[in-house]
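**Student:** Each chain, letter by letter, is given below.
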Amino acid sequence: MNRINKKLQENKKLLSIYFTAGYPNLKDTVGIIEDLEKNGVDMIEIGLPFSDPLADGPTIQASSTQALKNGMTTDVLFDQLQAVRKTVSIPLVIMGYFNPMLQYGVEAFCKKCAEVGIDGLIIPDLPVDVYNEQYKAVFEAYGIINVFLITPQTSDERIRFIDSLSKGFIYMVSSASVTGSSSGFGDAQTDYFERIANLELESPQIVGFGISDHKTFTQATTHAKGAIIGSAFIKHLTSNGPENINSFISPLLRP
Amino acid sequence: MNRINKKLQENKKLLSIYFTAGYPNLKDTVGIIEDLEKNGVDMIEIGLPFSDPLADGPTIQASSTQALKNGMTTDVLFDQLQAVRKTVSIPLVIMGYFNPMLQYGVEAFCKKCAEVGIDGLIIPDLPVDVYNEQYKAVFEAYGIINVFLITPQTSDERIRFIDSLSKGFIYMVSSASVTGSSSGFGDAQTDYFERIANLELESPQIVGFGISDHKTFTQATTHAKGAIIGSAFIKHLTSNGPENINSFISPLLRP
Amino acid sequence: MTYNINDKGYYGEFGGAYIPEMLYPNVEELRQNYLKVMAEPEFQEEFNALLKDYVGRPSPLYFAKRLSEKYNTKIYLKREDLNHTGAHKINNTIGQILMAKRLNKSRIIAETGAGQHGVATATVCALMGLECIVYMGEVDIARQAPNVARMKMLGAKVVPALSGSRTLKDATNEAIRDWINNPVDTHYIIGSVVGPHPYPDMVARFQAIVSEEIQWQLKEKEGTTKPDYVVACVGGGSNAAGVFYHFLEDTEVKLIAVEAAGKGVHSGESAATSILGKEGIIHGSKTLLMQTPDGQITEPYSISAGLDYPGVGPMHAHLCKSGRAEFIAITDDDAMTAGLDLCKMEGIIPAIETSHALAIFEHKKFQPDDIVVVSLSGRGDKDLDTYVKHFNL
Amino acid sequence: MTYNINDKGYYGEFGGAYIPEMLYPNVEELRQNYLKVMAEPEFQEEFNALLKDYVGRPSPLYFAKRLSEKYNTKIYLKREDLNHTGAHKINNTIGQILMAKRLNKSRIIAETGAGQHGVATATVCALMGLECIVYMGEVDIARQAPNVARMKMLGAKVVPALSGSRTLKDATNEAIRDWINNPVDTHYIIGSVVGPHPYPDMVARFQAIVSEEIQWQLKEKEGTTKPDYVVACVGGGSNAAGVFYHFLEDTEVKLIAVEAAGKGVHSGESAATSILGKEGIIHGSKTLLMQTPDGQITEPYSISAGLDYPGVGPMHAHLCKSGRAEFIAITDDDAMTAGLDLCKMEGIIPAIETSHALAIFEHKKFQPDDIVVVSLSGRGDKDLDTYVKHFNL
Ligand SMILES: Cc1ncc(COP(=O)(O)O)c(C=O)c1O
Ligand SMILES: Cc1ncc(COP(=O)(O)O)c(C=O)c1O
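Protein chains in written order, with UniProt numbering: chain Y, 1 to 255; chain C, 1 to 255; chain A, 1 to 393; chain P, 1 to 393.
What the hints contain is simulated information worked out from the structure, not anything from laboratory work. Relax, there's no trap hidden among the hints.
Residues from chain A shown here face chain C by an in silico Cβ test under 10 angstroms; the list is partial:
| no. | residue |
| --- | --- |
| 1 | Leu23 |
| 2 | Asn173 |
| 3 | Ile176 |
| 4 | Asn181 |
| 5 | Ile282 |
| 6 | Leu289 |
Cβ atoms here follow ideal geometry from the backbone N, Cα and C, with glycine treated the same way.
Isolated chain Y (complex conformation):
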């Protein structure tokens, strides 16, 4: 069973952390992953940096630009991850834009993911239909879970379609926005969270975008299985470097 599915079966709200591979320094990737696991994080999204991350806000954009400047590439990332499974056991997901994967070759990419122990992919600009028609078979052949996004604008019908294709969890974008945009949740989010809960989907949902602290994590996970923190963690790395991950994670879990 894929590590993601196993993790989703645990009887707890999951904390997932996104960070950009190669940021702040090229070789921080694995250290950060290890530290995150040590500090109790349940799942990690490793950002494969892209020159034109159009679904991301300024924080993640800036970290991607820096990571690319540091020398991060697809090959370098896979090299760094080569031995990650010797030390890390929580689910690892690569989050990245489709073009670098396309250039690498989608099959080669999936194969390599499987080799190094990546469990899933989040590709914001690979639409569900294209995945379904062209890439599903490859992903499944290599046991890679593709994670789809839904947003407050996604219709119930489409959500059910996405649910039917999901093999792991659904990435529930908290509000219509790029990453790092909103701070805190209002009535609109609460309504949306409840609407989705009422759909009683097969796939568990993990909420992303706009989660930055214990409060928003708790709000987001009232109905959902877990939540993902991205920009807030990148900001922490920018201010505090990769050494003090504990000071970010521990107040999140034990306020």
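Add chains C, A and P with the ligands to chain Y, keeping to what the hints say.
**Tutor:** Then chains C, A and P with the ligands, alone, in the frame of chain Y:
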């Protein structure tokens, strides 16, 4: 008999000098006239300054602008000339643009000219035909001679027409140009001078434009009755002030 | 009473050719030929083909919906701003360059204020491969920099006029001086309905295409060839002459000429000739002009270089004196506001000259079913700096 | 083989809609409606009326006599520079603003490179009274200052894009981010045949008016609807799409797409996508784009802001790969020279984008009886500073 006609009967080449009234200083007008006569000049064109002297080059333009700044107006000029005939006996001609005369009233202007002893007018922008149809009677009533211009482009036919209207002399523009343009005469001018001479006009011709020294004066008056110096004299005034007129005139007449 | 020119070259008591003898051969040549040449079928054909394929005529007659709603009347904009080079000026330069070619001239001179006429002249000279010299006041060179750059790109020589107020009047003086100095090979393309006869009439005839189009365009849109009002700004008056032309003798069509009041008609910084001017002679024409009691021409002022002229063409002097056209003076500020308003309401950035005409709606009330045609004489690309500074954009 | 789009939104293997789920409702709404709306008679009527009365269409097809003589072939210039706002871009924004209104959008966003699309968008927003936000790279804001001023005058908010090369690509990223953040009330008016399906097709259809006109205009002038060659510069490709559109399937008409070689195709400072690009995904579309072997999008370079884009629309990727169109890359210097040449020979100052297309005549020999139609996609008013500096005028 008008002083101009009398002067034209003298058996000599006539030297006529143009200067701008009120230049270099507002009250220089009469003094300059008196000095010019004393130094042997035969006729004087007194420039009534105009804001937009479109037939004049930079030298006369600049002197006009300065004269206006000094406070020269039509009234001021006539005031200054009130007593000029007490000291000056050579022909005096006012050279000016038509608009100031029009504003003064053409009849009033002629009347005033007659009163102060002005013998003729040169009005570059009053065309022959307009003069002929509208103003001839007034000019003649006050005994004011209107002086017409001809240029190298003027056809023989038109020259004869102009000749027929002329009561004094014809102002022969040496070359197609604004004042102060050319320096010295070439073959074109010589041909033109000869062509006009051959027409054997009734009115004597006085050449203007491009005469600056004894040489050009001599060239210009080989065929013509006289010549007018304008810009060169203004330049002299600008450099030497109104006191040293002798140093300009005497080398012209006695090189 | 007729509002057109008579065979002596006068509109009523205004017009004529008050030129130095040095210009006589040139002006006379033109006078004797212009109507004949313009009547030639080949001339007409060439002129019309260039207006269509090169200039982009007909220019649209655009119903300005939002502006019409705002002022509760029917406002049509005659879109001369869409002409090649961006103003009505090119209608005239196309005509005159063809005229110059037929008169075998190889060298072209022009004056310019806003630079639109300079650009239009440089353009047709490039098109015909003729040498081009444009005189432009030093002040205007500074405030209409984009047009100076355009003229240079088009291969014209731009010569600064340094005398007087260093604006349009002085540029015109310099052009006339050039013409005096170059009487044989040179044609002077005057940019407005000013100057000695036959220029006012010739330029008006070349611009008359504008009102000719308005007639059939309005017929298409409103079922009538007659607007209730035609409104145009007046510098020298070529734009107004063009939109008025075919309506001159039809007094059911009311004509409104808008002049530049500058900082206020009686501020001492104005170019409102119809109010401040008196009969006199400027640039070879008997007309209304701003002058001292002594007959010295006054230095005008307007924020708009193209209206910054102390005279108007003799046609307009006659229209004013006879009461055929209503003359209204609009200040810098009111013009600028009307210009910005057009940008925001209709998505059209007008030349500041044109903005004066647009200000009419804040100054005069029209009836809901009045058809008001405003000449959108030019686009505002040349004026961006002035607008941006004025409004602190 | 067909060169048009298929019902899945692909031109051959290029196209599609590679968009984040956040954009799905917007793009899907558009996809489901665009053909239906465009087919509505009232839409057609409103679109065509605005093109005629507001934009000034048809734009002339001008026979460039002197240029034709110089290159000994028949050169026609399709005068999109005469459109309101000065380029072909407005054809598309008129169409899209009407679309946006029918989809009940109240807020408009756009990206712009040269500023022409930004101006065209700001213009139609003013016309319709809609809020307008334009994203523009910081570098382009500096080099196309006149267009920035125009957008401000038209009431648009210009937001600088500060990431990447701070040019068109980055402005597009920012616009997409805005759209993601404002999914309900906002329509994104993309300025070229790029972006996710249905944008490339929708924009091409709005621009198709250009080749439709060329057909009947050429019929009038040459007795045939078919030119031998059609030449257009390609940034994203909307201009080329417009002039190619009605000739796509008729292979007797040869198509030439001109890209910006910048300082030389292999100088490292270029925007010649057809040579330097590989298949990939940019701005929601599978197409050719300049990228590292690793799939990072390369920062392009061209002196012309409108061609300074690392991709081309999927239609053009297909035209290139299939060989239907010939792709030629022109350097900064050659483009500038061709631009100045047009000024001096024909009195038309072209946009620097357009100058790239004009440089074709120094790079390819045509036969004396070839009819070569070049899209004069825009006027050069926005580029005066760049020209003046380049040539030390
Ligand atoms: C756009 C525009 N409108 C009007 C004028 C005023 O000139 P005229 O009165 O001759 O039309 C100018 C002069 O440059 C101009 O550029
Ligand atoms: C005049 C002009 N031509 C061409 C282009 C290139 O864009 P596209 O290839 O979409 O026509 C631009 C872009 O701004 C432009 O302004």
